[in-house]
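Using the sequences and the accompanying hints, generate a full structural model.
Chains as they are written, first to last, in my numbering: chain F, 1 to 441; chain C, 1 to 541.
Accuracy of the hints is not assured; some may be wrong.
Covered stretches of chain C, going by a simulated chain F footprint (3 or more residues, C-beta under 8 Å) [to be verified]: (1) 4-10; (2) 85-92; (3) 278-290; (4) 461-472.
Derived DSSO-like pairs (lysine-lysine); straight-line CA-CA distance at most 30 Å [to be verified]: (5) K418/F - K430/F; (6) K534/C - K430/F; (7) K378/F - K418/F; (8) K135/C - K122/C; (9) K49/F - K21/C; (10) K295/F - K358/F; (11) K135/C - K49/F; (12) K336/F - K378/F; (13) K430/F - K417/F; (14) K295/F - K336/F; (15) K193/C - K135/C; (16) K4/C - K66/C; (17) K443/C - K483/C; (18) K483/C - K363/F; (19) K336/F - K430/F; (20) K363/F - K378/F; (21) K534/C - K378/F; (22) K417/F - K363/F; (23) K378/F - K417/F; (24) K378/F - K295/F; (25) K430/F - K483/C; (26) K273/C - K135/C; (27) K336/F - K418/F; (28) K49/F - K66/C; (29) K378/F - K66/C; (30) K273/C - K358/F.
Just so you know, the hints here were simulated from the structure itself, not pulled from any lab data. Even glycine gets a Cβ: it sits at the ideal position worked out from N, Cα and C.
Here is what each chain is made of, one letter per residue.
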Amino acid sequence: MRLSEHQYRSVSAIRGPLLFLERVFASRLGELVRIESPDGRSLSGEVLKISGGEVLIQVFGGTHGLDTRHTTVSFSDAVMRAPLGDGVLGRVFDGSFRPLDDLPMFIPEFRMPVTGAPINPVARAHPVEFIETGFSTIDGLNTLVKGQKLPIFTCAGLPAREMTDQLLRQARLPDGGPFVLVFVALGLTHFEYQFYRQTLEHMQSRFVAFINLADDPVVERLLAPRLALTVAEDLAFRREMDVLVIITDMTNYCDALREISTAREELPGRRGYPGHMYSDLASLYERAGRIHGRKGSITLLPTVTMPEDDITHPIPDLTGYITEGQIVLSRELHQKGIYPPVDVLPSLSRLMQHGIGKGQTRKDHRDVANRLYRAYAKGCDLRRLEAVVGRDGMLADDRRLLDFADRFETEFVHQGKKRRTIDATLDTAKTLLDSFREVSL
Amino acid sequence: MSGKVTSISGATVCVDFPDLKIGDRISVGVNRLTGEVVRLDGSVATVQVFEENRGLGIGEPVTTAKGPLTVHLGPGLLGGIFDGLQRPLPLLQESSGDFITGGQNPFPLDCTRSWDFRSAHKAGDKLLAGETFGKVREGHIQHHLLSPHAGILEQLNTGELQLEHPAAILEGNQPLHGWHSWPVRNARPYRRKLPPTTPLITGQRCLDFLFPLLKGGVAIVPGGFGTGKTVLEQTIAKFADVDVVVYVGCGERGNEMAGLLDEFAELEDPRSKRPLMERTIIVANTSNMPVAARESSIFTAVTMAEYYRDMGLDVLFLADSLSRWAEALREISAALEEMPGEDGYPTYLGSRLSGFIERAGAVETLSGTQGSLSMILAVSPPGGDFSEPVTQACLRVAGALYMLDSQLAHRRHFPAINWNQSFSLYSDTAMAHFSELHEEWAKLQARCRDLLQREDALREVAEVVGMEGLQDGDRLLMRTAEKIRLDFLCQNSFTEDAYATPQSTIEHIVTLVAEHDRLATALDDGALLDDLLKEAADASL
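Structure representation (structure tokens):
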């Protein structure tokens with residue numbers, strides 16, 4: 001503990017969102033600082049690196065208007081902490097935890113460091129409880145369970161937004177109860193934000209939102225998800241609520257990470273993204289989960305827009321390595337008018353095996369899912385053959401498989417805006433499989 | 001002796017502290033975080049900190065316990081769950097709650113547990129370094145207590161033994177405990193390496209039949225995300241015919257580790273009929289735990305694996321995944337501002353990796369028995385591109401490659417092992433053993449490969465002329481190959497089928513090939529394939 005607050009006016013350089021300070025005495029890594037600009041604006045920042053008396057600070061908010069002569073930096077002697085308490089529910093904040101809803105700041109009950117601490121692997125409870133999303137492609141074939149992190153991989157122009165919105169309205173817990181939503185918008189356009197606002201209103205006060213719009217400071221995109229997850233951890237593990245965290249769009253988060261990394265002159269990795277992006281993403285995604293002996297849970301559904309529709313791009317690639325599966329949207333299905341345009345073949349839910357079957361969904365679930373997969377995968381393979389030799393040159397069984405693939409898309413995948421219960425999903429699947437019984441599926 | 005923190009950049013900390021050695025274990029700051037000296041420059045040492053160091057301040061004190069980063073080796077490791085620094089995670093949970101905070105260092109072995117210590121030695125016997133001086137019963141194995149150094153036995157405290165008390169006294173009043181510590185970066189010594197000869201039965205038909213591994217061999221399993229690396233590694237961990245399994249979750253998912261722990265606690269070892277956890281050591285350093293500890297985790301784990309090998313046991317080391325380890329190495333290297341090599345990895349990636357992988361092998365131990373340490377290492381190439389440095393560096397030293405194919409995985413063909421591009425250099429040696437089980441093993445293996453290869457060629461033809469345009473013989477071949485793929489090579493890890501004995505594997509393939517031959521002969525005699533298949537279908541109803 002320092003007995004006095006340390007204040008410095010020794011800014012030596014400002015580079016993008018970074019501030020370099022000289023002759024600093026006893027600073028801490030990750031220490032929260034307050035920056036007063038010459039025109040009286042107050043910003044916050046965080047210590048990234050210390051070398052003797054030289055300190056590198058990352059500024060949350062724009063560095064416009066800062067100078068090297070009059071800017072004052074005060075050190076707080078503590079790492080950044082998020083204010084927590086019941087007052088947080090039903091509120092909308094910006095990327096630095098300032099209220100955006102014209103209400104005064106709530107009175108925090110206590111504060112916790114925003115980076116959180118890793119859950120001890122032996123304290124983790126394996127996620128097994130089925131969540132009904134109302135989408136056949138997810139419930140039937142890529143089942144989501146409580147405590148899972150399942151990203152939606154989308155392409156520019158696909159209806160990921162509509163899907164997310166519908167998911168929020170429809171998702172049901174095993175006991176039928178609703179979720180508490182923690183919504184994080186990173187680099188969202190005003191147009192998209194209007195859209196999500198309606199959903200938030202629908203959630204009444206069972207939500208907390210952190211909104212960083214496309215024209216807000218880039219550095220706050222790194223901060224907002226950490227604040228949100230700290231809030232989510234408090235709601236889930238202290239208040240014992242089931243929390244659903246939606247982050248949209250992780251692509252903007254990673255671009256912000258790249259921007260800061262370049263400003264720090266770090267070595268760029270693939271496509272210019274920093275080499276530590278995997279660990280950085282993991283520090284967010286891994287905060288999802290359940291803990292033995294505690295009732296709450298954090299289920300995480302980030303949206304990732306794949307640049308150039310490329311699933312091997314570093315952002316979806318590293319995300320896929322950390323999350324427990326992925327829901328992949330397909331431009332081709334979208335163009336066929338199918339909604340939700342989920343391509344079930346590259347989609348996957350790693351935690352599905354334990355969340356389905358007797359006691360969770362239905363006894364026949366696993367068998368139905370396996371048969372659907374096999375037949376559809378075969379049908380898709382045959383489509384390439386069809387393109388070359390034409391339908392007439394194919395065996396009767398193969399032609400039936402092609403029909404199956406088509407009907408699978410129009411009858412099972414396509415469901416419009418209607419919600420399907422898990423029973424309806426499995427019944428649709430069975431009807432479909434039954435009408436192709438004579439083909440060996 | 002002590003020093004002070006002078007600069008901090010992420011987990012890399014510089015301290016002003018004279019007379020340190022490279023590799024020394026350091027305690028940093030008021031929270032006493034564990035670190036390791038990685039670079040020296042005059043009196044300034046660069047320290048890699050293994051724990052979360054946010055909040056660490058300039059000028060905070062640094063102390064050293066003298067000596068390098070070590071692990072503690074002794075009875076009671078089996079069934080243990082540790083982090084990358086061998087801290088027991090259940091104890092950490094007791095002491096600091098469900099979330100991991102820094103600065104805790106509980107002793108990894110249970111010092112109060114009683115062991116029944118027996119010894120064939122007597123006072124006056126001469127002990128060599130690494131020699132067994134007694135045994136205790138640990139689960140299903142005889143745990144040899146190994147003497148870390150040479151000496152003459154003066155007293156043996158056989159009977160009930162607790163690790164906090166010495167098990168013996170060496171001449172010169174030197175206490176000899178049931179445990180000792182060993183530096184993780186140093187491979188444990190052995191008399192000599194032996195060529196691996198015995199097959200390691202994984203219970204996976206595809207591996208045991210097409211790409212067998214030997215006890216003491218090394219296989220790598222590269223695959224993009226969703227190709228089933230983790231499921232394959234965990235399935236092998238359950239069923240492999242070894243005495244001890246060391247499983248490292250290196251920079252991977254926390255929920256997966258939780259699933260593994262749940263499952264292993266319930267499951268039974270198919271051979272000894274005892275809980276699976278009793279033969280398993282788990283090292284868990286999930287992706288959100290500190291990066292530097294991820295780098296050390298594989299060394300911590302392999303040292304424990306070597307320790308059990310030194311008792312003359314067969315040990316299997318599984319790591320998921322080596323790419324995360326390499327990335328940790330890259331992050332550390334970048335923080336040290338070293339000149340980067342390919343893809344930003346340090347240029348010593350290859351040598352560091354081969355140094356590590358070479359710790360595998362079949363050996364004659366210092367006690368004169370034979371033990372083996374086998375490795376199956378998962379690799380996660382970015383974008384599923386196998387030309388990247390980690391996969392390539394592994395390939396130079398591994399004896400078997402189990403390449404996982406995302407196309408197969410999308411079709412839900414699991415294990416998604418690509419049969420064209422995988423290989424095993426141990427195949428010939430393993431064949432000598434397998435032919436005792438079935439004399440035609442090698443021939444059937446070649447036959448099976450040939451069928452699969454010809455199917456690929458035929459599929460290309462079929463894509464031009466359609467299946468209708470193929471001759472009956474070729475259609476039969478495609479049917480058989482499909483059966484081999486779907487019934488034989490596919491193996492569902494979540495059902496009874498998860499484990500196949502070599503006996504059932506060979507019987508299975510014999511049946512498939514025999515049916516193919518029977519139908520092929522009938523075709524030669526002028527029968528039509530459609531009729532034959534109809535007959536077969538009717539017969540099976």
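Of all the hints given earlier, name the ones this structure violates by number, lowest first. 11, 14, 24, 29
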